[in-house]
Amino acid sequence: DSGVTQTPKHLITATGQRVTLRCSPRSGDLSVYWYQQSLDQGLQFLIQYYNGEERAKGNILERFSAQQFPDLHSELNLSSLELGDSALYFCASSVVGAGGAKNEQFFGPGTRLTVL
Amino acid sequence: AQKVTQAQTEISVVEKEDVTLDCVYETRDTTYYLFWYKQPPSGELVFLIRRNSFDEQNEISGRYSWNFQKSTSSFNFTITASQVVDSAVYFCALSERGGANSKLTFGKGITLSVRP
Numbered sequence: 001d002s003g004v005t006q007t008p009k010h011l012i013t014a015t016g017q018r019v020t021l022r023c024s025p026r027s028g029d030l031s032v033y034w035y036q037q038s039l040d041q042g043l044q045f046l047i048q049y050y051n052g053e054e055r056a057k058g059n060i061l062e063r064f065s066a067q068q069f070p071d072l073h074s075e076l077n078l079s080s081l082e083l084g085d086s087a088l089y090f091c092a093s094s095v096v097g098a099g100g101a102k103n104e105q106f107f108g109p110g111t112r113l114t115v116l
Numbered sequence: 001a002q003k004v005t006q007a008q009t010e011i012s013v014v015e016k017e018d019v020t021l022d023c024v025y026e027t028r029d030t031t032y033y034l035f036w037y038k039q040p041p042s043g044e045l046v047f048l049i050r051r052n053s054f055d056e057q058n059e060i061s062g063r064y065s066w067n068f069q070k071s072t073s074s075f076n077f078t079i080t081a082s083q084v085v086d087s088a089v090y091f092c093a094l095s096e097r098g099g100a101n102s103k104l105t106f107g108k109g110i111t112l113s114v115r116p
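Listed in order, the protein sequences are those of chains A and B. Its first residue numbered 1, the first sequence is counted upward by one per residue in the numbering used here. Its first residue numbered 1, the second sequence is counted upward by one per residue in the numbering used here.
Certain hints may be false.
[Stated by the list, open to error] Heads up, simulated DSSO-like pairs for lysine-lysine below, C-alpha to C-alpha not over 27 Å straight-line:
id: 1; chain 1: B; residue 1: Lys38; chain 2: B; residue 2: Lys16
id: 2; chain 1: B; residue 1: Lys3; chain 2: A; residue 2: Lys57
id: 3; chain 1: A; residue 1: Lys57; chain 2: B; residue 2: Lys108
id: 4; chain 1: B; residue 1: Lys16; chain 2: A; residue 2: Lys57
id: 5; chain 1: A; residue 1: Lys9; chain 2: B; residue 2: Lys108
id: 6; chain 1: B; residue 1: Lys16; chain 2: A; residue 2: Lys9
id: 7; chain 1: B; residue 1: Lys3; chain 2: B; residue 2: Lys38
The set of hints was computed from the structure by calculation and includes no laboratory data.
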């Protein structure tokens with residue numbers, strides 16, 4: 001158990017709908033990352049938050065947004081869903097000390113999103 | 001831009017065989033970090049190791065060993081005396097120095113099947 005929790009585990013929805021994925025980082029971790037894993041794209045970085053502020057953006061669609069709350073949990077919002085959005089969405093957290101990159105990221109169990 | 005290549009896509013071995021998983025990376029940074037993650041059939045991503053670019057010492061942890069060679073930009077992973085429980089997808093990942101911006105760039109992953 002990595003200490004990172006994600007809910008829900010599975011989500012089935014229809015095209016055009018909006019969903020929210022939730023992540024709670026490990027205790028003490030200030031940084032939260034979201035990744036998407038799909039068969040064609042592999043594991044791709046979406047976005048990072050550090051202590052409530054957006055820190056880095058990757059290949060995140062405009063239909064997707066995220067935020068990190070004062071209690072450090074994070075939510076990833078996916079709207080106007082398309083079939084191609086079906087994927088496994090991971091949240092990860094890390095301590096991120098000075099020179100942040102060295103700190104390994106611990107991943108949650110993921111949310112499997114199926115868009116029908 | 002950073003890139004991780006895992007040229008092997010699928011490897012199948014018989015239990016107790018040794019197996020090496022290859023990883024080649026590209027980066028313009030002089031300071032960077034390399035990681036290996038394991039994704040068993042259950043789907044979670046499990047952190048295995050982190051290696052700094054300025055530390056080329058090889059590392060051994062039980063049946064696992066890692067060979068980091070800066071000259072060839074490779075960070076290979078060897079499992080000695082493989083077991084069925086080692087069956088999983090293994091990802092190599094790279095993170096460049098960037099303060100709190102430490103997103104991971106993953107390779108496509110190698111599916112390892114260990115047959116009894």
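Hints the structure fails to honour: Going through the list in order, the structure violates hints 4 and 6 and respects the others.
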